[in-house]
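Protein sequence lines correspond, in order, to chains A and B.
Residue numbering for the first sequence follows this note's numbering, starting at 1 and increasing by one per position.
Residue numbering for the second sequence follows this note's numbering, starting at 1001 and increasing by one per position.
None of these hints come from the bench; they were simulated from the model.
Take these hints with a grain of salt, some might be off.
To be verified - Below, simulated EDC-like cross-link-like pairs (lysine to aspartate or glutamate); rule was C-alpha separation at most 20 Å, straight line:
no.	chain 1	residue 1	chain 2	residue 2
1	B	K1173	A	D283
2	B	K1173	A	D298
3	B	K1173	B	D1104
4	B	K1240	B	E1221
5	A	K310	B	E1068
6	B	K1240	B	E1258
7	A	K310	A	E369
8	A	K131	B	E1118
9	A	K131	B	D1151
10	A	K35	A	E53
11	A	K533	A	D595
12	B	K1173	A	D299
13	A	K131	B	D1116
14	A	K310	A	E374
15	B	K1240	B	E1030
16	A	K310	B	E1204
17	A	K131	B	D1115
18	A	K131	B	E1130
19	B	K1173	A	D244
20	A	K131	A	D227
21	B	K1173	A	E290
22	B	K1173	A	E294
To be verified - Some, not all, of what chain A presents toward chain B, calculated at C-beta under 8 Å:
no.	residue
23	R136
24	R147
25	F176
26	G280
27	L284
28	I322
Model, not experiment: these values are computed from the prediction.
A virtual CB, placed ideally from N, CA and C, is assigned to each residue, including glycine.
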Amino acid sequence: MPTLLLEIGCEELPASACREAAEQLPRLCLTLLGKAPSRVLIGPRRLAVLVEELPERTPDEVRRGPSERVAFDEEGRPTKAAEGFARGAGTDVSRLERRDGHVYAVVPGVRLADVLPGRLRTILDGLAFGKSMVWRAGGPRFSRPVRWLCAKLDVETVPVELDGVPSGGTSFGHRFTGGPVEIPEAAAYEETLRAHGVEPDAGERRRLIVEALDAIGGWSDPGGVLDEVVYLVEHPIVLTGTFDERFLALPERVVVTAMQSHQRYLPLGGSRFAFVANGGAPDLVRAGNERVLEGRLDDAAFTFERDVDKGVDELAAMLGTITFVAGAGSMADKTARLARLVAELGGGEATREAARLAKADQAAELVREFPELEGHIGAEYARLAGYPDAVCNAIEQQYLPDSAGGPLPASEAGKVLAVAERIDNLTVAFSLGERPSGTRDPYGLRRAAIGLCRLAMASAFPVDVGALVRLDHRLLLEQAAEVSPEPPDDVRDFVAERLEGLLDVPVEFVRAARGAGLAQLGQVASLALALSKLPDDRLEAVHTPYTRSARLAGKEAEQAAATLDPGLLVEEAERAVAEALDGVSPRIEAALDHDDFDAALAAGADLGPPLDRFFEDVLVMAEDAAVRANRLRLLLDVRDTLGRLGDFSLIPR
Amino acid sequence: MAPTFQQTIMTLERYWADRGCVIMQPYHTEVGAGTFNPATALRCLGPEPWRTAYVEPSIRPADGRYGENPFRFQHYFQYQVILKPAPDDVLDLYFGSLEAIGIDLEAHDVRLVEDDWEGPTLGAWGLGWEVWIDGMEATQFTYFQQLGGLDLELVPAEITYGLERLAMFLQGKRTAFEIEWAPGVTWGDVYRENERQWSAYNFEHAAVDVLQRRFGEHEAECRHLVEQRLPLPAYDQVLKCSHTFNLLDARGAISVTERAAYIARVRNLARRVAQLYVEMLEPDADAAA
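Excised from the complex, chain A in its bound form (with noise of 0.2 Å):
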């Protein structure tokens, strides 16, 4: 059985254009083959697959059409619809098969090679890029242009159409070396290649690239680059070059960025990198690269010494002239404001310096240029300044955490600098009116919120962000900031939410807990797991009660007693669940102190079998209009004290 070759041959394509055809080949040479490939071959100028034992035909399609009834008449005979049917699907209507209430029509295979061409088409038109283009107008999307198209079914040439470009055996090699080749024969497209200064397989390239840097050794990549890398080069030749080492007075990580994020190179440690050429006379290629390199670095060096000139102090008092966002100051206001936050949040000195000087580097130019290491320069301009080291780590962990998995702060310290800066963040965007919407979330909010809540997770120090929010409103409205002139009260709910994704317990859980009026964030997460990991007996002991006492007094509360009054019990069960009243929720409250949930519903299951004896042998709505009014008002007490561990009417039993 023959072996089928089609190359696609692109301008330069976007290693994330490489990626979404590696994944997508296979499926759509299964689905319009009937074979998957054996080999995919991925590379900036060429998207290939090999299709070894490709079947002589197409596999046979089973159609399922209309249903008997609609396709029988009562007498049995094809109606319209049926003959339609057998008609599109290219059968008579006598061969249709009846099962399962429906009829279906076999639509035989073809002959490959007599419709190939179009197959192959089709898998061109399949392919779909997360970003796509036009070369001509109107006329075919991809990547990248489509500039030949080279198929082969053994030695036998397969056009394939795609608006004039060109067809045939012929493919290209290296872009510079290579020239055009002729491909004999479908298995010999790989060594065909090799042979012309292009090694086709991605996954061979990375292993040359990987080979070639062990043996250089002492690599690293914390960016990631290589993956881009292979999909940079068809050529792979490893160069290491190096730097003078008079850079290395920068912040490593500013060094680091500038060799992997602008020239995607492996730093080697000390002054030396490697890099992936794709071609060149080695000796000329590598000092290139090298005044590239120093170029970029000169150019930090030359903005770093201008802002260690002025120092980290200085750099602060320039705060005033940045904008942190129109309507709510400057990052000197900011900087204010997290001060007085950070306080708020039991800060000691070094987390208070810190917030002095947070900002600072907002007002440096070196985070003009490298943005992504906002913080860590901030954070070395500190140490630089001979501040402690508790003070420039807290600076340079205020980003965190900076993804959904990332890491958090390290020290408290950076933890409570983080948590103020995310409220400040979310007080101001609520009071200048910017809540996100569906997916509008230009100031990334949700993430912060998301952030807020892990950091309240694992803090030691309590979060309230209710009276963070509130306080940091009223900070602003004194720096004369054009907010509304309420408090975002919402932002409590909007970060509390949160929690409904984050925690691994199901919602309901959450939203009870989070109905249970806690100020501090940290606690409503823990109530939530305590909630989720409480036995199914436990759950009932205060769930039962919960949901009796606030189903029957809840819509009868306006009938209610403001306060209970004792000489009005007059039945012995009413008495023991307000002297049960009365030991509980002490109890409770002592518990909630503690953060120790689990404690606090013991202490509520215990109100459970008085008040199954009260529903038991009390009338709670007694002619006597006090009697009933004072029952109503035990009930909503049993009903407020369970519900400071949650609103137990959200979970669903």
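Since the structure of chain A is already known, use the hints to place chain B on it.
Chain B in isolation, oriented as in the chain A frame:
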């Protein structure tokens, strides 16, 4: 002997003239890039084929460093080429230009690295690459897809060479100041003092209140000229808005949120001008009006 700066420019002019390009001259008002020159931004609209090449001074007030940093300038040069529609061998034509200015493509590592271009103030975008030569970004290559918010009737290829970088590469210089412009005259001789004085103006002396007022005036004038069906002068007002915005930005007078609003205002103007320009290209446009 490595070519001087002016020789490289002359070689590019000759190369692209030989390939049917109209050799234009820099535009008469400040632009941040050769793309903004109407020879690109407007001529790429509509159904008429067009090939041009020209030097364009790129004016970017915020990038100045008083002539102290040899890698940052508020004024430098691009060489801009437009081939509309893009021929199938457009990349080969481009590589040929590199050979013409003296780059041996087999001896160096020339690569195309994904870079998608977006010009938010022009309502424009395209897909293409940075061209790296031994790791140095030497050219931006873009297949325009939209300009002024309009899909393009012919897809142009835009080739933008960074002239200083190319010259540094060809002459083996480490900084732009050292580039030999003409025999015995360096780039620094010609432009260093210029950088110092303009940086002082851009960062310290440009009057913010005046600039803010002018922005509004240019905007109003653009709208007026669009109403008068004069897209070419109207487009100059778009450029003046854009440059005024860049100066305000250099003065630190634009916050992050205001930035988006300013850009949207310029883009709206560019869009209206582009629509009018295309409308007037159609036969009998003025009879219909």
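Consistency of the hints with the structure:
Only pairs whose Cα atoms come within 20 Å are accepted, and K1173(B) paired with D283(A) is accepted, the gap being roughly 17 Å. Between K1173(B) and D298(A), the direct Cα distance comes to roughly 14 Å. Compliance with the 20 Å bound is thereby established for this hinted pair. Of the supplied pair hints, the one linking K1173(B) and D1104(B) holds, its CA atoms being roughly 18 Å apart against a limit of 20 Å. Only pairs whose Cα atoms come within 20 Å are accepted, and K1240(B) paired with E1221(B) is accepted, the gap being roughly 11 Å.
For a cut-off of 20 Å, the pair hint linking K310(A) to E1068(B) stands: about 16 Å separates their Cα positions. Restraint check for K1240(B) and E1258(B): the C-alpha separation of about 18 Å stays at or below 20 Å, so the hint holds. With a C-alpha separation of about 17 Å, the suggested pair K310(A) and E369(A) falls inside the 20 Å cut-off, and the hint holds. For the proposed pair K131(A) and E1118(B), the alpha carbon gap of about 13 Å is at most 20 Å, so the pair holds.
Using a Cα cut-off of 20 Å, the hinted pair K131(A) and D1151(B) holds, with the two alpha carbons roughly 16 Å apart. A distance of roughly 8 Å separates the Cα atoms of K35(A) and E53(A); the hinted pair therefore holds under the 20 Å criterion. For the given pair, K533(A) sits about 15 Å from D595(A) by alpha-carbon distance, which is consistent with the 20 Å threshold. The straight-line distance between the Cα atoms of K1173(B) and D299(A) is roughly 15 Å, inside the 20 Å bound, and the hint therefore holds.
At most 20 Å may separate the alpha-carbon atoms for a hinted pair to count; K131(A) and D1116(B) meet this at roughly 10 Å. Between K310(A) and E374(A) the CA atoms are separated by roughly 17 Å; this keeps the pair inside 20 Å, and the hint holds. Taking the CA atoms of K1240(B) and E1030(B), the gap is near 7 Å; set against the 20 Å cutoff, the hint holds. For the hint pairing K310(A) with E1204(B), the CA-to-CA distance comes to about 18 Å; that is within 20 Å, so the pair holds.
Pair hint K131(A) plus D1115(B) holds up; C-alpha atoms about 12 Å apart against a cutoff of 20 Å. Taken as a hint, the K131(A) and E1130(B) pair is honoured in the structure, with Cα atoms around 17 Å apart against an allowance of 20 Å. The hinted pair formed by K1173(B) and D244(A) meets the criterion: a straight-line CA distance of about 16 Å does not exceed 20 Å. For the given pair, K131(A) sits about 19 Å from D227(A) by alpha-carbon distance, which is consistent with the 20 Å threshold.
Proposed proximity of K1173(B) and E290(A) is supported: the alpha carbons are some 12 Å apart, at most 20 Å. At roughly 12 Å between alpha-carbon atoms, K1173(B) and E294(A) fall within 20 Å of each other, so this suggested pair holds. Proximity of R136(A) to chain B holds as hinted, the smallest CB-CB distance being about 6 Å (cut-off 8 Å). Satisfaction of the interface hint for R147(A) is found here, the shortest Cβ-Cβ separation to chain B being roughly 7 Å, below the 8 Å cut-off.
Taking 8 Å as the C-beta cut-off, the interface hint given for F176(A) holds, the closest approach to chain B being about 5 Å. Given the 8 Å rule on beta carbons, the hint for G280(A) holds: about 4 Å separates it from the nearest Cβ of chain B. About 6 Å separates the beta-carbon of L284(A) from the nearest beta-carbon of chain B, less than 8 Å, and the hint is met. Interface restraint check for I322(A): the shortest CB-CB distance to chain B comes to about 7 Å, inside 8 Å, so the restraint holds.
In terms of the numbered hints stated before, the structure departs from none.
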